[in-house]
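J.: Quick note: the sequence shown uses the working numbering, first residue 251, plus one each step.
These are calculated hints, taken from the structure and not from any lab test.
Incorrect hints may have been included.
The following label-pair restraints were derived from C-beta to C-beta distances [to be verified]:
1) S287 - L341: 25 to 35 Å
2) Y384 - M357: 37 to 47 Å
3) T308 - R328: 18 to 28 Å
Think about it this way: if two alpha-carbon atoms lie no more than 20 Å apart in a straight line, the pair counts; the simulated SDA-like pairs of lysine to any residue are [to be verified]:
4) K407 - T305
5) K435 - N263
6) K435 - D461
7) K407 - F273
8) K407 - C306
9) K320 - E302
10) K382 - F338
11) K407 - S313
12) K365 - L341
13) K320 - C306
14) K317 - F338
15) K344 - H387
16) K317 - G307
17) K318 - T305
18) K317 - C306
19) K296 - R329
20) K320 - D303
21) K344 - I364
Bear in mind that the values here come from a model prediction, so they are computed numbers and not experimental data.
Just so you know, even glycine gets a beta-carbon here, dropped at the ideal spot from N, CA and C.
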Amino acid sequence: MIIFDNVVKRYPNGVYGLRGISFEIYEGEFVFLMGASGAGKSTIIKLLMKEEDPTCGTIIANSQNLKKVKGRRIPRYRRDLGVVFQDFRLLEKKTVYGNVAFAMEIMGHSPSEIKHRVRLALQLVGLSSKEKEYPSHLSGGEQQRVALARAIVNAPKIIIADEPTGNLDPENSKEILEILNQINKRGTTVIVATHERDLALSMGKRIVYLDHGLQADDRILCEEEMKVGSITGRKKRGLRKGGGSDEEAKSIFIHN
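Taking the hints into account, I'd like the entire structure generated from these sequences.
T.: Below, the structure is given as structure tokens:
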């Protein structure tokens, strides 16, 4: 579970990233953070990743008060996070397999475990046939799939995607979100920051709207709203869990 309780982020130049944000994200939820540039989406992500600390307020993630997560505890905390960036951040001199494997190598996993889990991750994102390719030979959509595989290979409890479709065409954007949806159905909490309203609405998931560091709205589409393409009201949410047809690939989401 993730809790933001009256979180304020004020930078030394006086600019506010967040102005008293409060919300909860339950284990297994799929949530969009939506807003224009400067709305506070990236600030929330940086706070969750422990790249920055709040000026005041409380943040709880994976049962930890992030104020108390310092020094050597930060890398341990980040092991339960899988992060996907807009610009992919792949290692150009490593193959597809090597990029995904690297995320496990730095965690000290055995070669046999790395081989097994990397291939399961690539299977899930549809890149089994590309494991020997280099990033420069891949399309933007394929590179983002590699980034997704890298993010999930260590079975994190939370996936954070910062504008994951920002550099992609509509078709690839939908495919990336569908992969994230399948990851979510296996029990992983998914948080996606985006400014692409129509794309987020098409998923029928909870959306937390941000505006200049303030929480403007927090809603989820019902079936009738999806048909007309508008949002009204909010529904109570429970855990969102499900299974895929491929039990072997599903095993990658067993959280340690």
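J.: If a hint holds in the structure, say so; if it does not, say that too.
T.: Hint check results:
| no. | hint | verdict |
| --- | --- | --- |
| 1 | S287 - L341: 25 to 35 Å | 28 Å, holds |
| 2 | Y384 - M357: 37 to 47 Å | 23 Å, violated |
| 3 | T308 - R328: 18 to 28 Å | 19 Å, holds |
| 4 | K407 - T305 | 26 Å, violated |
| 5 | K435 - N263 | 42 Å, violated |
| 6 | K435 - D461 | 29 Å, violated |
| 7 | K407 - F273 | 19 Å, holds |
| 8 | K407 - C306 | 26 Å, violated |
| 9 | K320 - E302 | 11 Å, holds |
| 10 | K382 - F338 | 18 Å, holds |
| 11 | K407 - S313 | 12 Å, holds |
| 12 | K365 - L341 | 18 Å, holds |
| 13 | K320 - C306 | 16 Å, holds |
| 14 | K317 - F338 | 29 Å, violated |
| 15 | K344 - H387 | 12 Å, holds |
| 16 | K317 - G307 | 9 Å, holds |
| 17 | K318 - T305 | 14 Å, holds |
| 18 | K317 - C306 | 10 Å, holds |
| 19 | K296 - R329 | 15 Å, holds |
| 20 | K320 - D303 | 10 Å, holds |
| 21 | K344 - I364 | 15 Å, holds |
The structure does not agree with the numbered hints 2, 4, 5, 6, 8 and 14 stated previously, though it agrees with the rest.
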